[in-house]
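With the hints as extra help, turn the sequences into a complete structure.
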Amino acid sequence: MHYFKNFFKSHFLILILLLIFTANFNFFYNVYLLSKRSYDERLFRSYGWGCGGLSYGYVKKIYEKFLEPTNKKKLHILNFEVHPDTHSLFPQLKVDSKRINLVLLNFKSEDKNKINFNLDEEYTMVDKTENCYFFIKND
Amino acid sequence: MIEFINIIIQTALFFILSIFPINNFTTRNRYFYNNYFRFIAVNILILMSLLLIFSFFNIKLKTVFFIILVLYLFYFLINFKSSKFLIKKREIILYFIFLLIFIYSFSLITAYPLLGWDGIATWKIKSNFFYNGGNIFEFYNFRDGEPHYYQYPHLGSYIWAFFWKNSFIEFEYLGRGFYHYIYIFSLFLFIHNFKEWSNFKKVFLILFIYIATYDFELEGYQDYLIFSLLIFVIDLIFNYKKKGFIFLVIFYSICILLSWIKNEGIIYACFLIIIYNFVYKKDVSRNLLFICLFVLSVFFQFYINLEIYNGKTLFQIPTNTNVFTEINITLLKNFFLIIWYFFHSILKYPIWIINLILFLLLHVYKQKKSSEINFIKYFLALNILFIMGVYLQSPYIKWHLQTSLDRLVLQTSGFYIYLLLSFIKNKKLKI
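Chains as they are written, first to last, in this note's numbering: chain A, 1 to 139; chain B, 140 to 570.
Honestly, the hints are just simulated from the structure, not real lab data. Here the structure is a predicted model, which means the values were calculated and not measured. Do not rely on the hints blindly, as some may be mistaken.
Stated by the list, open to error - Lysine-lysine pairs mimicking BS3-like chemistry, simulated, CA-CA at most 27 Å apart: (1) K201/B x K94/A; (2) K65/A x K98/A; (3) K304/B x K9/A; (4) K72/A x K98/A; (5) K72/A x K201/B.
As the list claims (entries may be wrong) - Label pairs and their computed distance ranges (CB to CB): (6) E68/A x N274/B: 47 to 57 Å; (7) F339/B x G50/A: 48 to 58 Å; (8) K220/B x F7/A: 27 to 37 Å; (9) N378/B x N24/A: 27 to 37 Å; (10) W49/A x S510/B: 30 to 40 Å; (11) L15/A x L486/B: 23 to 33 Å; (12) I100/A x I231/B: 52 to 62 Å.
Beta carbons: idealized from backbone N, C-alpha and C, even for Gly.
And the structure:
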């Protein structure tokens, strides 16, 4: 008991400092978040639920609904807003350089002249959420 | 809660891999005497060097982990000597605080697993590639016939993938945690030099530097690795008095590691080697083997970029060398633009306020000129030249300054803070 009393006395200021730092970091809240929200939910909250920005939620939906069952984990993603590549958020997802599975993010009708292929003739639309589209190339 | 337990396990893994193979049971080197932080620094360098070597071979990340464990165990058994050196009670609390601050920091990136722009666009792509068993000699990101981001070195991403793969739940942030580990550790390595300070003063300064340098927007970036390695190297310069063979091995290892983390790491490494040979008036022939090794390592990187990836440039943007042939008003305007954005960066990373005060005090108090102070002064001069050289020739200078100058400023900020040590050691100023 005496040892702890001494320890507390000599390190009181450090404990206060660490306590301030703990509050600054929201440490306890962060631990609470870890137990409350799943990793997926935290990713959705960080990168977006559905269509917009990086459109993590939309690409995740396409990945789980259309790619995982067929085991062809390849996508060609074109984002018409300036954002980093959503591809990298999916470690197993490869770049579809033949552009068979095509995802257009934040795509508006006036963006058609920005692409160098005929979307209407070459592709069939499989899924649409707001301004995000999933196309598959016609055989 | 499972994730939090995994954070603790991963922290334990980082700690175990950094207290082996060199420790008080396996070495008698005076550099390490009474300073367990230096053991950890050297062990981190050994780990990073091993990972760099393994990254050139097609070996699975889990196998690499087991090879490293076996190597460490083997080394420990061969070199085991009994040791009387024990960590002082006063210091144990510092190790505890180090782990505590690291867990705080780790929990932050776990709760908000958000990466910065380059983290997503560049480094995570590379990391994914290694995580999936990729090899450096393959194209890791092939788009419309062109490899993307081939000119960025790979070591940081390989380390990320290594710890990501060798974790129980395999979430990417568990790999990225190592960046925080080495960054926070480097602050403790610096602070441990103030032997006469109370723990409160030490912790206070650590927390100040942490707040003055940490930026959540740089999650997934490599800048903190460069920051930490530069602290490792200046700590070595200040504290390794007899600059013999072991010193050279550690010094040049850091230079090689820097060159495999980011492009600017090559430039910093060149500065360090030039200044070292100049300041310590060393016979260059004595270092020739190490210099050759470094040059070979850099050329190997260029070879991979140019020949294997068939890249067209080593650097990230096209250059505009015409700027230097015509000294005109644009050049002057650009010069002031760089100064302007440098002050922006100071506001972002206030550690530079301390650095600038230290440089000012150095000038005012006319410190006794030591090799260490000269080392820092020459590095600053070359760094200014480098920054001017990079930005003055940039065709998109404003965009370039806005997006990257703050990071260049951050990378070297820890290096200059060692001036504080020279003031304390000389006892001309009492802080």
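Structure-based check of each hint:
At most 27 Å may separate the alpha-carbon atoms for a hinted pair to count; K201/B and K94/A meet this at roughly 22 Å. With a C-alpha separation of about 21 Å, the suggested pairing of K65/A with K98/A holds against the 27 Å cut-off. Restraint check: the Cα-Cα separation between K304/B and K9/A comes to about 44 Å, which exceeds 27 Å; the hinted pair is violated. Under the criterion of a C-alpha separation no larger than 27 Å, the hint pairing K72/A with K98/A is consistent with the structure, at around 13 Å.
For the proposed pair K72/A and K201/B, the alpha carbon gap of about 25 Å is at most 27 Å, so the pair holds. Between E68/A and N274/B, the C-beta spacing of about 26 Å breaks the proposed range 47 to 57 Å. Taking 48 to 58 Å as the suggested C-beta distance range, the pair F339/B and G50/A conforms, at roughly 49 Å. Taking 27 to 37 Å as the suggested C-beta distance range, the pair K220/B and F7/A conforms, at roughly 33 Å.
Here the CB-CB span from N378/B to N24/A is close to 32 Å, well matched to the stated 27 to 37 Å. For W49/A and S510/B, the hinted distance range of 30 to 40 Å is not satisfied, since their beta carbons lie about 58 Å from each other. Separated by about 32 Å at the C-beta atoms, L15/A and L486/B satisfy the suggested range of 23 to 33 Å. A C-beta distance of roughly 60 Å is found between I100/A and I231/B, which places it inside the suggested range of 52 to 62 Å.
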